[in-house]
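Novice: These two chains come separately, so use the hints to put the complex back together.
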Amino acid sequence: MLRSTTLALTVAAALALSAPASAQHSQSEEGTAMSTPNKSGYAPVNGVELYYQIHGEGEPLVLLHGGFGSIEMFGPNLSALAAGRQVIAVDLQGHGRTLPFDRPMSFEAMATDVSELIGYLGLEKADVMGYSMGGGTALRLAIDHPEVVDRLVVVSTVFAYSGWHDFNAQGMKSIGPEAAEGMKQTPMYQSYAQIAPDVNNWTKLVTQMGKFIGNDYDWSAEVPAIKAPTLLVFGDWDSVRTSHVARFFELLGGGQQDANWDRSGMNANRLAILPDSTHYEIFMNPRLAEAAIAFLDAPATAAR
Amino acid sequence: MTAPRSGRATVNGLELYYEVHGEGEPLLLLHGGITVDQTLAQTLPALANARQVIVPHMQGHGFTPDIDRPLRFELMADDLAALMAEMGIGSADLVGYSMGGGIALQTAIRHPTLVDRLVVISTTMARDGWYPDVVQAFRDMPGNAPAIAANIARSPLGDRYPDVNWETLFRKIGEMESEPFDWSADIAGIEAPTMLVFADADAVRPEHIVDFYQRLGGFLRDGGLDGSGRPPGRLAVIPNTTHYDLNDTTAVAEAILPFLEAFGPN
Chain A
1 MLRSTTLALT VAAALALSAP ASAQHSQSEE GTAMSTPNKS GYAPVNGVEL
51 YYQIHGEGEP LVLLHGGFGS IEMFGPNLSA LAAGRQVIAV DLQGHGRTLP
101 FDRPMSFEAM ATDVSELIGY LGLEKADVMG YSMGGGTALR LAIDHPEVVD
151 RLVVVSTVFA YSGWHDFNAQ GMKSIGPEAA EGMKQTPMYQ SYAQIAPDVN
201 NWTKLVTQMG KFIGNDYDWS AEVPAIKAPT LLVFGDWDSV RTSHVARFFE
251 LLGGGQQDAN WDRSGMNANR LAILPDSTHY EIFMNPRLAE AAIAFLDAPA
301 TAAR
Chain B
305 MTAPRSGRAT VNGLELYYEV HGEGEPLLLL HGGITVDQTL AQTLPALANA
355 RQVIVPHMQG HGFTPDIDRP LRFELMADDL AALMAEMGIG SADLVGYSMG
405 GGIALQTAIR HPTLVDRLVV ISTTMARDGW YPDVVQAFRD MPGNAPAIAA
455 NIARSPLGDR YPDVNWETLF RKIGEMESEP FDWSADIAGI EAPTMLVFAD
505 ADAVRPEHIV DFYQRLGGFL RDGGLDGSGR PPGRLAVIPN TTHYDLNDTT
555 AVAEAILPFL EAFGPN
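Going line by line, the protein sequences match chains A and B. Using this note's numbering, read the first sequence as starting at 1 and increasing by one per residue. Using this note's numbering, read the second sequence as starting at 305 and increasing by one per residue.
Excised from the complex, chain B in its bound form (with noise of 0.2 angstroms):
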């Protein structure tokens, strides 16, 4: 693949880096919480094998630094437009992994003209969709955090993202994603074709799951011989993966990309 093009926007008091990968129409990619390379891992490359595929790190993480403001979904989602606007993007299909797919879900809700086609990957509509372990380990990362810091400091990863502050921004995950939250009422509003992804030994809870995805109209009937009782969602649990290793192979980009094909172009 050839080296990325990338450059800056000023959004919102931030000094927004973003990357673009591959030819075509264009794709957001939005990483997940911590790392941007590793938490996109192969999903990238094979999304940019077939799309314009343009990733924004987002606030605190990779090379935007960080602002005097907490992280919080809404926040990001409206960088993320106000990135959109910058660029002259009218509108485009949004791919999210865990906390990115926390911030495209809620681009989709603060902002549903902006987003074609939405993929959620490995992430919850809710707090408590998270295993009860999961929500204590996000509780546990602020007071985690300078032990944390201290030794990603000293790794690649650190040498690879040498101006983030790795405890700010473990703090400031930590006290996000243990905050209550639920939007669950507001996933039946959305209004642009929605995929779930997921893998089978998730960090989310299978129940979250199901309702997740019947909130956005499906598994309440048999999709019919002809296709006709099923609206436009997708849903794929990939077997043998977990939230962690979930985008080590192409397997997650393999189930989404005839999804964004099969709803046309723009």
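Bound-form chain A, shown alone (with noise of 0.2 angstroms):
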């Protein structure tokens, strides 16, 4: 039990914010304090109160934090990103300042309130970003409302619950109401008590997400369908196994000849591989914003 407890701690940590250390290396080399917001608010989307804020002006990009986690903990990945385009941040159900609302959570349901986030904002589509949790529901976004999803780019996150190391995969189920008081003593319990609305949600967040982030699932009958040309992002030492992460890439179609020298072997989607970057940083790696960056800005390439 004490084992269950610290491993769940650990992953949850690990889901949620960086260590503090990695957070002050962050602020000290960035200079950049968190960015402001020009608008915030609560959207009425799929039946709840979703709540977002705007950065930044041109074209739209949806970033979608991890588990645990917040608008907030993508840091300076953030302003780097709204440099250049309308970052649209949300934080997503039961997350940062979003309550948790009666309803169980699943990657289908919060996907469907981003879609309708979309479409509340008056825009057409947007590109879409996310990282673990985030990354899930890009992923099923993408699969179930593929007309709003211009570009997407996928961090850090598996399209089968298998593709995760078996040290995260048992962490991850071994969450529930039980660790919700242990789990005070996190960075990420601190940042929610800094943003909640009502702090006391708190356990009804660590349950909710006890019922549904170690459940099994697997899309890879799904993911080959995906139009939205794709950026994938994994640290060398992620908690997605490197096979997984070359089978993900091969869903996509990528992987499966050489390019040639006239770049004809090529589709549209892209893999990085960030080196020295583990799960718990690539969130705030400037490498990160720079791979995602060039992606979404590059001209449109053949369709697949």
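In case anyone wonders, no lab produced these hints; they're calculated from the structure. A few of these clues could be false.
[Unchecked claim] Partial pick of chain B residues on the chain A-facing surface, computed with a CB cut under 8 angstroms:
| id | residue |
| --- | --- |
| 1 | Phe367 |
| 2 | Pro369 |
| 3 | Asp437 |
| 4 | Pro536 |
| 5 | Arg538 |
| 6 | Val541 |
| 7 | His547 |
| 8 | Leu561 |
[As the list claims (entries may be wrong)] Here's a subset of chain B near chain A, in silico, CB distances under 8 angstroms, partners left out:
| id | residue |
| --- | --- |
| 9 | Pro416 |
| 10 | Val438 |
| 11 | Phe442 |
| 12 | Pro446 |
| 13 | Asp490 |
| 14 | Ala505 |
| 15 | Ile513 |
| 16 | Ala540 |
| 17 | Thr546 |
| 18 | Ala559 |
| 19 | Phe563 |
| 20 | Ala566 |
In this text the structure is predicted, and so the values were computed from the model without any measurement. Even glycine gets a Cβ: it sits at the ideal position worked out from N, Cα and C.
Specialist: Right, dumping it as structure tokens:
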């Protein structure tokens, strides 16, 4: 029991926020504080009230955080992305400023929330970028609501639960209501307590996550049908198995053949593996924003 | 950038030409097959901004004349070891692209004490790591050599390296690369901290990249919150690049330099 609680805490911390040390590292190196939103509020979508912020101007990019995280977790990467586009950052169900709702958590429901948010903001479609749990939501959005997704950036997440290393798969399965109290010692609770409308919802969030984040799923049959040009980003020491990374790219038509001198062997999808990077800092790694911006700004390539 | 120094060393019957770019701790940068400048492209100047970069022209390439000997990764690794001895370099970082990556790997396998840190760019540890079409292209090279050679001899590349026998070079590279080889059993024995760099649309199969990195101890588990799960290996896959244009931007050098620095001075 002790071991499984420790595991749950470690993984929960992992899913949520970086260790404080890496947050400081990022702050001091970039010298930029958190970007200030142009606009923020609650959107009445899909029968719930979804909190969002808009940063910057230009082509829209929806940004989705990881489990137990919030908009803030991207740190300087949010500012970097917002320098060249309109970033629509969302607090997903039960996270940050968005309430837990009386609804079981699922990738499908959160994807529909985001799809309707895009319409609510008067947009036909938007680029979508998500990390970990937010990456799963982004992926589900591209599968279930392809009409609203322009380009897709999927960061450090799996298309099937078996893609996580055993350590992470077991850790996520061991999260439950009993972990809520112990998790109050973690940086992600401290961040939650600063922004949540009612800090007492913490236990509800942990309970909802416990019923959701360790569930098996396998979208391998649906991934090949994704039409949105997609960039996959992982760390070289990710929580995702590298064999799964290779398989993921192959499902998107990558890794099938040599590109040839004239690039005729490539399709519109891309893969980045960032060196010296883990699941626990990739969301604030400056190379992530660089890779995403280069992909989002590139001219449209040949249709798949 | 200032003009590089150059020199020659007599090693293993070769008059081996080399250039020295930049200042600092020496690093040996090994070019790909057929050409020197084109295969190293932006990676050379970007590395030379931070390090002293020694670029040997391997057998039959650039300004190093060919000799009556087949091209073999093992022999070229021995040439490199002999060059380092001639230059008085006890050990150094090795960075190799494509054919040069194979030479770097063989140097780490055959002469482990010479290698501080190893960087292998867009190459395989076994012939079948290349896509089948790529292996077939290697098989076709000897037959195509006369026609290709005639074209190159009339091109700016031919003007730059007038002494290269292009037909022989194409034939020998085709023969070397289409012969089966498999060094996978030797990879786990490499003690130098090693970084692998690939393009996302590479000529190397993704499963091979996974196998390669796992043999270096990578990807077997999560890296851990504190990084304790990570042995000293690194992997970079650079998006929107191919085997042929991977070095056309500074992205490779930018990925490599923090790795070289992370493991400190010798």
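Novice: To test your reading of the hints: which numbers does this structure violate?
Specialist: 1, 2, 4, 8, 9, 11, 12, 13
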